[in-house]
Structures are given as C-alpha cells and as structure tokens.
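Need the complex rebuilt from these two chains, each delivered in its own frame; the hints are there to steer you.
In case you want the letters, here they are:
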Amino acid sequence: MTQPLDVVSLTKTGRILLCGGTGGVGKTTTAAAIGMLAAKQGRRTLVLTIDPARRLADAMGLAGLEARPQAVPGQPGLHAMMLDPGSSLDELIARHATTPESARAFLKSPYYQQVSRTVAGSREFVAMEKIHELADDPDYDLLVVDTPPSSQALDFIDAPARLLELLDGSGLGLLLRANSLANRLTFGLAGRSQRQFARLFEQLTGHRMMMDLNLFFDAYGDIIDGFRTRAQRLQALLRDPQCAFVLIMTPASDVATMASQYAQRLRAADIRITGAIFNQFVEPPLEIDAAALQGSAERRGISEDLVARSLACHDEWMMRAEHDQSVLKRWLSASSLPVRTVPRLAGNVSSQSDLERIVTALNDPD
Amino acid sequence: MLGKLQIISGKGGVGKSVVAAALAEQHAQAGRRTLLVSQDQLGKAHPIYGGTAGYEPTGVRTNLDISSLDAHAALTEYVKRKMTFSFAYLPILENPAVVRFLDALPLFNELLVLGKLYDLVDKHSPYESVVFDAPATGHCKILLNMPAVALDTLIAGPIYDNARKIHKLLTNPERVELLVVTLPEETPMREARELVEFAREEGAMACNQLIVNRYRAPRFSATERRQLAAWGESAAAASALVPVIEFDAQIADSHAAQADALDDLNLGTMRLPDLPPADPQTLVTSLLRHFP
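Sequences listed follow chains E and C, in order.
Under our numbering, residues 1 to 366 are what the first sequence spells out, in order.
Under our numbering, residues 1001 to 1292 are what the second sequence spells out, in order.
Bound conformation, chain C alone (with noise of 0.2 Å):
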C-alpha cells in the first residue's frame, strides 16, 4: 500500500532514536502496520530493541517491525530485482574493492538509502507507516538534498529516474513529513531551526512539528519559589532543600526561555517531559504516555 513516511532527525544526543520508537509504537497500537527504520545500524546492537538490526525487517511489537537501511545491501538488491543477467553483477559487488569504493562514493550512497525508504512506502510495501530514525541534522540535510543534486548532476540511468521519484515523493506533504526533536538549549535549538529552514526552503519538505525533548516545566510558582527559600534561610531543618529547589527552577527558567525560540516558524510544538533515566524500551514506553 502507499505508506507515510516520518523523517525524524535533530542534532546529535537529543534523543531521535527513543523519540522515533515511541512515534513508530504509536502508530502500531492504533493498528497501524509499521516499519521503524534506522540508518547504518546494520550488525549493530538497536538503540532501542537490542538484538542486532538487519536490512530484512524484524518484528518487535505487533505491528511493529524494526529494519536498518544500507547502501550496499540496497545495491545488491536493486540489482537482482531490477538488471538482467544480475547473476553475472553479483560476484563483483562483492569484490572487497568495489565495496569500498560504493562505500565512499557520495550521492551514490545516499541516492540508494532513499531509494529503499522509497520502496518501503510504494504500493508494494506491507507498511502503513514507517518511521525514519534519520542521521543528526549535517548528515540529514546532506541526504535530503541529494535527489536534487543527482537531477544537476546526471543526465539518465536508472539511478536519475530514482532520484527524480525519491524528489516527488519527498516534496509531497500527504506522504512525507520531517519532525525535528530539539532539546530547550540553545545548540540545539538552532541546530533544529536550521533544519526547519533547510527542509523548508531547499528541500520544499513539510516540516511543521517540532518534538521539545526532555523539557523541564516549573513545579513551583514564584510566589512558592520565595517561601521555600525563606524558609530554607530561618529554618536548619529546610536549608537542606532550597538549593535542590531552587536548582530544579532555575533549569525550569531556562527551558522555559528556550522553548519558544522557534516559535516565529509557526511550527506545532510538543513538549515532552524530562524523564527520569532508565533503559531505552522504558524510556519508549514511558514517552508514549505523554504523546497527543
């Protein structure tokens, strides 16, 4: 069936992977088929699941299958379903040389990364819905805008058709949509408005969600704020208490500071809570609650 793809990216160490199982556990519990796809994590243990992440999807959950996209195994594959004679190409890619040569050759690279994200979404794909744990905002800026650099640089092959279907599929705003995580600092924040603006203006992407990761609202008002800290001054039993209490606002302070600096691109917001440490499935588990 034609699926929806959910590109989800954001500067390094805000928590992309824990975010994008729980939007992908999400949409399996509503019964949604769903694919949750990462890039590179291929004989690597999941960030999330564990087990070692292979190009052909797992299942984790019902209806929720986990995949990790890669070059050379999406080359193989194109080329046994799509050349003639494949058998006689075969041998060659794997010739130690001809990989590292793929493997450093750019835009070719990513060209067949999207172009397997485009098979997992065309009419033949049993997903509903699939996730895209993308890589950090260079890499994915550098991915998104490859289709358009390989429509400059090349003038036919199959390899150009790919690009110019992978250019419609991702401008259209009914199929594909980048969600940008964030956390309230200032790095990260502008790391994510420059995505925004990427997707936007180079990419002419859909891009209008924003995910706040690990916000910190205040748990006291100001009013109590002032209490607890004259009361941490007269009284020795509460000294104890008012530097945590004031710790935990003065954070709640910055968060708050930071957490409408993008709010000039008129994206939809969500704020998601600061929880506390634990494994990643908790973790997963634990974000899905606090999801609209």
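The following block holds chain E by itself, in its conformation from the complex (with noise of 0.2 Å):
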C-alpha cells in the first residue's frame, strides 16, 4: 500500500512546489491552498498563478493586474503574483539577444509578429523564467507555482526542451538554406534533396515567406546561445532535489494513461515526481437506515414521494463516491506515487474559508 501524499512535509522542506496537470483539474486552486498551508508552516511563501477565477483572485489579493508579488489579506507569510506568460516573450528575447539591434531585427520579422504566441512551449518557458528570477529571491523560503494549461499532464516539464528544438537556429533555419555544408553534416542530407526540399517548401508557401523564414532564423542565431544556456538552467531547476513537482487529478481524469507517462518519466530519471493529488473528490454520504427513515417521514408527514427522491440524491451520491474510490484503486495498483485526495466543494472555490478547507485535507494526518 503506497503511503499517503505527505503535503505539509513538502511544504517545510523543498524550495519550489509546482502543481501540474491537465486543463479543469483545479491546479489554481490547489496551488493556493499548498500556499496557504506552508504559510501556516512558518514559511514565507510566494504562490505564483496563471488566469485565477475572478473571486479567487480576490481572495488572493490579487485583484490588481500588477505582475508582482502581493501579500494574501489575512494570511501572514503568503504573497501571491500573477504569471503572465502570455506578454513576455518579446521581453525575454530582448534580454537574450546580444544587441539591441538583433533584437529589434528579430521582434519585427513579420514571421514572428505573427506567430510568437502559437509558439509551442514559450508560455512554459516565460513561466520557468519568472520561476528561476524568483529562485533565490532572499524574501520567500518557498514558490508554489500553478503551472500553464497543458493537454498533456506533463508538458510543463518538456517545456524548456521543446522551445529549444523547436526554434534552434542550427537545426531549423539551416534546413531551407540549400548550400549550407554545415546542414549537409547536420542532417546528412545531400545537397540534391535538401535543394528539393527547400524548392517544395517555397512552391508551397511563396517566395514571401521563405524570405521571413530566413529573417527569423538569421535573427534567431543571434540569441540562440542565450536561451540554449538558460534552457538548460532552466532544466537543471527541474531536477533539483529542491523542487518537487505534483501531479495534479481529478476521478475523472485518465488514470491509466496518467500513470503510464508518470512511469516513462520515471524510468527515463529526468524528474522528480513527488506526489499526486486527486481533486474534487466525492467523500461517500453517511449510511441510511431505510426502515427507520420510512418511519420517521410517516410519523412527520413527509411525502412519500420527497423521501423517494432525497433517497435517490443520497443514492446518487453513494454511487459516485464509490466510483471515485475505484479510480483511486486503480491509480494505486499502476502506480507507486503518494496520492492524496480532497474532497468536492458544492460550490466554486471563491473564498479563503473554502481554501481552508482544502488546507484541511490536505494536511489531514490520515
């Protein structure tokens, strides 16, 4: 039997805490109840936050739109800051590039203009950026950070990684330049096909863009070397034994497929994971006496048919918990991760007293 997810023991020990996971599994709201957990564990504690609902942000102090840290009302230690991924980049590369000039050259090729935010992996990267800037911040003993929406669990991790295949300039660019020896070493393409790969992608996409193309990727050698290096910085942050990443589910999540990467990841040894948390987790409603309920609604004039339905709302109920416990089940037969579970609120989690009750759970010694 895998123990328990100890979430108070991570909140005292580590230096980064990043919350992962799918779109819609609570990963915001999970971030700020671990905040506010280490807050109460003496900690001085930053929570970092994509895209809040409206009122959680309001609950956070957060109502504001400044990009800096802001202390939580009413929780001593806690400071909470949005992320915002989105706007930066242009501010990244300005940082990278080794003039100002070649950073202008690259932040005005129409090619990027038009796509720097479809770039796969950069709102990753930006975020991991703010992360490492506030890494040895001498104010916060610990950053718990709600990590960007991804379609895959764990994206986040691939981030660094992806950004640099993606957009470096040795592989990429040097692929439409036809006469390039060093892209013949590279890719050991002759020289023949990669003129006829250079020839099909300009019939394909006109003259135009290959002249954009080139911009960029001439822009782009520019500040490669910059990011190469703060990749791998950025990776290594990832492997340190100070940063602990958990996953986050709900029931209804993919558990199999879930456990299944977390396994991959595993063997491969390129990160830590440290624990799972189910979300929105249905606790089983308390056991009815049938008989005796029947009884009681005759001798109060309660209609026959409103104790049919609170029945079958109790029964409901029973049946989802039961189901979730069997997702639980089944995390736990395919996986060796320490899960810990928090129950459903009826509402959104819109206040502090909600938020506390997830603290709660979470520290729940059981």
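Treat the hints as calculated values from the structure; they're not laboratory data.
Pairs of lysine-lysine, DSSO-like flavour, derived with a Cα cap of 27 Å: (1) E:K130 with C:K1141; (2) E:K108 with C:K1141; (3) E:K329 with C:K1044.
Just a sample of chain C residues kept apart from chain E, beta carbon distances all over 10 Å, derived: (4) K1004; (5) Y1049; (6) G1059; (7) D1122; (8) H1167; (9) L1169; (10) E1197; (11) F1198; (12) E1201; (13) M1205; (14) L1262; (15) L1267; (16) R1271; (17) P1292.
Keep in mind that this is a model prediction, so the values were computed, not measured.
Virtual Cβ for every residue (Gly too), placed ideally from N, Cα, C.
As structure tokens, then:
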C-alpha cells in the first residue's frame, strides 16, 4: 500500500513546488491552498498563479493587474503573484539578444510577429524564467507554482527542451539554406535533396514566406545561445532536489494514461514527481437506515415522493463516491506515487474559508 | 457533396470529446453520412471509441466514421495529389529533420490541418456532416486565426491560395459553425465568452450555440429544502440524509448562478445533465437522449 502524500513535509522542506496537470483539474486552487498550508508552517511563501477565477483572485489579494508579489490578506507570510507568460516573450528575447539591433530585427520579423504566441512551449518557458528569477529571492522560502494549462499533464517539464528544439537556429533555419555545408553535416541530407526540399517549401508557401523565415532564423541565430544556456539552467532547476512536482488529477482523469506517463518519466529518471493529488473527490454520504427513515417520514408527514427523491439523491452521491474510490484503487495499483485526495466542495472555491477546507484536507494526518 | 462543418471547442476538461461524439452520432442516426474528426490523436487510442484513430477514416457506427488530423500526413497527401513530379519530393518528406522542421513550424501546420478539414467538406467528400473535436480554447483560437494570419504574411503560392479558400469557408455561416462547450463554473464560462467573442469579432464566424455540460438542475424546491433540514435536525433517522441533500442543493445553486453568465451574448443554450460516471461510449449514448 502506497503511503499517502505528505503535503505538510513537502511545504516544510523544498524551495519550489510545481503543481502540474491537464486543464480543469483545479491546479490554481490547489496551488493557492498549498501556499496557505506552507505559510501556516511558518515558511515565507509566494504563490505564482496563472489566470485564477475572479473571486479566487480577490481572495488571494490579486484584484489588481500588477505582475509583482502581493500580500494575501489575513494570511501572514503568504504572498501571491500573477504569472503572465503571454506578454513577456518579447521581453525575454530582448534580454537574450547580443545587441539591441538584433533583438529589434528579430521582434520585427513578420514571421515572429504573427506566430510568437503560437510557439509551442513559449508560455511555459516564460513561466519558468520567472520561477528561475524568483528562486534566489531571499524574501521567500518557498515558491508554489500553478503551471499553464496543457493537454498533457507533464508538458510543463518538457517545455524548455521543446522550445529549443523548435527554434534551434542551427537545425531549422539551415534546412532552408540549400547550399550550407553545415546543414549537410547536421542532417545528412544530400545537397540535391536539400535543394529539393527548399524548392518544395518555396513552391508551397511562396517566396515571401521563405524570406520571412530566413529573416527569422538569421535573427534567431544571434539569440539562440542565450536561450540555450537558459533552457539548460531551467532543466537543471527542475531536476534539483529542492524542486518538487505534484501531479494534480480528478477522478475523471484518465488515470491509466497518467500513471504510465509518470512511469515513463521515472524510468527516464529526468524528473522527480513527488506525489499526486486527486481533487474533487466525492466523499461517501452517511449510511441511511431506510426502515427507520420511512417510519420517521410517516410520523412527520413527509410525502412519499419527497422521501423517494431524497433517497435517489443519496444513492447518486453514494454511487459517485464508490466510483471515485474505484478510480483511486486503479491509480494505486498502477502507480507507486504517493497520493492524497481532496474532497469535492459544493460550489466554486471562491473564498479563503473554502481554501481553508482544502488546506484541512491536505493537512489531514490520515 | 458540400458538407457542413461543426467545430467543437471549450476549456480543457469540459467534456468536448463526449459532446462532439454525441453530436456526430445524432447526425449519423438522422441518416447523414458523418465524420467525427479529432486532432493529433494519430496512433493513440481514440478518446471515445478506443482503437487507434488513423488519418484515413474508419467506420464505428452506421453512417459514422472517425479519423484523426495530422499535419504531416496532410502534407504528404497534398504533395501526392497536387504536385507534378511528387515522387521526387515524397522521400524528402520522410526525412526526420524535415519532419521535425515541419512539426515545429507554426502557421504551416495549422493551415495543413485546416486544409484537410476543407477537403473533408468539399464537393468530392462523401460526408454530409463533419464534426471537428477541436483543441481547447487557446489552441483553437490560434488555429482558427491562421488563415487570416496567412493572408497577411504570404503573398502567393499554393498555401496562400488554400488559406484564402479556407478563410472563405470558415466565414460562411451556411457551412461552418463553432459550438462552444462549457461547464456551469466560473473559469470555463469565462473562457467560453472569450472564444465566442473571438469567433464573432476576429474570426467573423458563426457562433450561436453554447453547450453547458454537466449541469445539475435543482432537485428540491426551497420549501422542500427547509422541510428536509427541519426533519434532519429533529429526527435521528433523517440526520444522515440532510448533509447530502444540502450538498446537492448547493451545487445546483452554484450552477444556476453560473449558467446564464453569457446571456448577454444571445446564444442558443443547450444544458446537458451531469451524468453518472461511466465509460465514454455509455456517456455518449446517454447524452444523446438529452439532445433536442
């Protein structure tokens, strides 16, 4: 039997705690609750969050749009900050370019202007850059990070590598330069097939696109080294023992796939996933003595119809609770990762008292 | 024949795939030849029908085929069909470096995917109805915006011509509509609003239908709730019942408060119930019964 995930110890020891998972599983809420728990342990904590629901943002003192840490009202030792990966890729590029001119050329290239937001992994890269920047901030003992939404639970971890692969000037740009010797060496493409590819590409996309791409890759070559160094440092940060990754799921998640993805990562030994949290877990309702209930209903004049509907409601939640238990069992049989369940609340988590209930669940010694 | 394309999107985790499959099965049951198409599922298990989704359509029900879109496969098909001396190019397209390059290149990829969708509803296609289980909100916006980007970025070439054709198709309300799936919760509702506004303003697309999935209607009137609460307080036998009734009623309250959050957008709204957990195919079949 797997040990339950000890969230309290996690908040007591590490330096960075990443909450990752697919869309709609409650990463933002969980990150906020873990932050509160950490602050209660006496650690000066900063929660980095992405796109929280409005009322949750209010509860965290994030009503304003400022991208710097704000004190969370009523929670000593807890700060929160919005991560805005959308807007700061330009900034990042400007910082990594060797000269302001090369940055300008890159940012002005029509191709970059059109597609910068679509570059896979760029949001994650920018988010990690911010984490890296704050990792040495003496004002905080712990950073709790809500990761950008993704379709694959572990995308965040791969982001720096993906962005590099995507934009690696020595790889992509050269493909279009038919006569490059370096290219032939890199890809083992014979000059002839390379020229054919360049010709095919130009035929498909037109000359303007070729020019744009060449401009893009020319400028990119200039900043790629800065990016590469940074990506390597970010990857090292993720592998640091001070950094923990918690997988967030719900009982509706495809646990079989998650478990096997996680096992693959573990085999590759390139990341430490510390544990999993099952959110929105339905707790079994109290057992009902049907005979006693019927008797009491008759004495109290509660209509048969109302009793029947109440029982149907009870049955439904009992069935949902059993389902969630069976998902948990499936997870435990497929994975050795410590796990913790957080009960489903009736409404949106929108206040500090809702968060406190999640904190209690995370803190529960069982 | 000239088919109709329905694009289904929404925030991650709202149940897009199940809703898209139910919609496709509804078309198929009405006797329309239908294709349910998803993206980047190639070689993976299909989220609803299991098996392996291929680029070439496979039948799963009477009148219903499924397939998966893939930019690289679409490019290979395109080169084979449209280019003279295609045999000279095909081996290059299989080169790993080229595959990586094309994979990594935004714009090009999206246009290939959309180009394939275009073909699937074009006059040579056997399908009357194509349901596209599209990526989640953020990626969907990028995808749908690409033809406009291409028209700005490119000047000529087959890709440019394709982008113009696709743009014309996407903005034709007779043939293409975007259906937005959401949950009666704050964040999915906000993303749904962003997607509807994007489609209408920047995309100039038809977007008139909102699907609120997993909606829990109130089971008890306010009077009944009070009556049950009083019962639970005074009779030991009923005390176990009351917390779960309140729990259920509070969820219904919160759903009711969220469900009309987009009323100002004048969308037709379809509310689908919060079905008990089941395997995806059972969910699709149950959901179908709640479709108008």
